[in-house]
Amino acid sequence: MSIDSVNDLSIEVHLLKKKHNIEEFYDNINKLLKDAGIEPIEADSPKSTLTLEDRITINYGKKIANTLDREEVTLDGLDDYCKSPEFDNYTQNRNLFSKRSGICPKITLMSSL
Amino acid sequence: MSKDYSYVEFVNKCNSLRKEFFEERIDYLSTQFMSGPMGVMSLVFAQTRVPEVLLGEWIRSTLRKEEGPVPVKYEDLNGEVKEVSLIHTEKTPPEERIHGQNPCDSFLIDNFFDGKDWVEIPVKMIISIEDNDLPDIDFGGGGNVLA
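Chains A and B are the protein sequences, given in the same order.
Quick note, the first sequence lines up with residues 3 to 115 if you use our numbering.
Quick note, the second sequence lines up with residues 211 to 357 if you use our numbering.
By construction, these hints were calculated from the structure, which means they are not laboratory data.
Hints are supplied without guarantee of correctness; some may be wrong.
With the Cβ distance kept under 7 Å, some of the chain A side facing chain B (calculated, not the full set) [as the list claims (entries may be wrong)]:
1) I5
2) D6
3) S7
4) N9
5) L11
6) L17
7) I24
8) P42
9) I43
10) D46
11) K49
12) T51
13) E88
14) N91
EDC-like, lysine to aspartate or glutamate: derived pairs with alpha carbons at most 20 Å apart [what the hints assert, rightly or not]:
15) B/K213 <-> A/E55
16) A/K36 <-> A/D56
17) B/K223 <-> A/E41
18) A/K21 <-> B/D237
19) B/K292 <-> B/D214
20) A/K20 <-> B/D214
21) B/K283 <-> A/D29
22) B/K223 <-> A/E25
23) A/K19 <-> A/D29
Keep in mind it's a predicted model, so treat the numbers as computed, not measured.
All C-beta atoms in this analysis are idealised placements derived from N, C-alpha and C, irrespective of residue type, glycine included.
Go ahead and model the full structure; you've got the sequences and the hints to work with.
The structure is reproduced here in C-alpha cells:
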C-alpha cells in the first residue's frame, strides 16, 4: 500500500482505530482501572509517546503513591508498602487485573523485596 | 480483553504504516538527519520529539550563518512537494504545533520565515536544503526509518 501524504497516513491510522475498536477498548480498560481504583488512562495523543502499558503503569504508580499518602513513589516507600498488610490486597488486585485485562503492568517490586 | 480487541495488532499495523511511509522517503534529508548508527538508542530517541526539534534548530542555525536566502524543498501535509526560500529572522516564530492523532501519525510543524510570511513546515518532511555546509555532515548511511 502506498501512502501519498501525511494526511493519508492520518486517515489510515484513523480507519485502523475504527476497525480495531480502539476507543471502545480504552473505555473498557478504563472500566477495569476504575474497578481497581486506578485513575483512567488518557486517550491517544500525538503529543504523548507513552505506550498503553506505560500509561497504565503510571496510573498504577499514582495509586500506590496515594495509598502510601505520598507525592511520589520511592524505593523506601515501596519497601514500607511491601511490608504492610495492604500489600496482600495490592497483589490480589494486580493478579485480578492482569487476569482480566491480559496485560501485566510493568511494576517490578523485586529490587525492593 | 485481548481476545475481544486486537490492540497489539493495531499498534503493529500503525508502526508498519509509518515504517513504510518513511521507507518511501528514505532519501529525504530529514530521514537521513534523524537516522544514524545509534542502535537501540535510535528507537528510543525516535519516539521522542527531540530529533524533530533538533533538526528545526539546526535549520535555524544554518539560516543564521547564511547571508542570503536558503532554498528548502519539503513535502506538505497533502503530499505536494514545495520549494521555499528561508531567511534568518530575529522575530519570534509562532508556536510550533503537532499534527496527528497518535504517535504513529504525529508530525511536528515548525515555523520558518521566508522574508515576508511564516511558513509552516512538517520538519520530518524536509526533502533537501541547499547549503554549502551540508556535504560536511556525515549522516552515517541511514538507520532507523521509524524516526
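Quick rundown of the hints versus the structure:
| no. | hint | in the structure |
| --- | --- | --- |
| 1 | I5 | holds (5 Å) |
| 2 | D6 | holds (5 Å) |
| 3 | S7 | holds (3 Å) |
| 4 | N9 | holds (5 Å) |
| 5 | L11 | holds (5 Å) |
| 6 | L17 | violated (10 Å) |
| 7 | I24 | holds (6 Å) |
| 8 | P42 | violated (15 Å) |
| 9 | I43 | violated (12 Å) |
| 10 | D46 | holds (4 Å) |
| 11 | K49 | holds (6 Å) |
| 12 | T51 | holds (5 Å) |
| 13 | E88 | violated (26 Å) |
| 14 | N91 | violated (22 Å) |
| 15 | B/K213 <-> A/E55 | holds (17 Å) |
| 16 | A/K36 <-> A/D56 | holds (17 Å) |
| 17 | B/K223 <-> A/E41 | violated (28 Å) |
| 18 | A/K21 <-> B/D237 | violated (32 Å) |
| 19 | B/K292 <-> B/D214 | violated (44 Å) |
| 20 | A/K20 <-> B/D214 | holds (14 Å) |
| 21 | B/K283 <-> A/D29 | violated (43 Å) |
| 22 | B/K223 <-> A/E25 | holds (16 Å) |
| 23 | A/K19 <-> A/D29 | holds (13 Å) |
In this structure, the earlier hints numbered 6, 8, 9, 13, 14, 17, 18, 19, 21 are contradicted, and the remaining ones agree with it.
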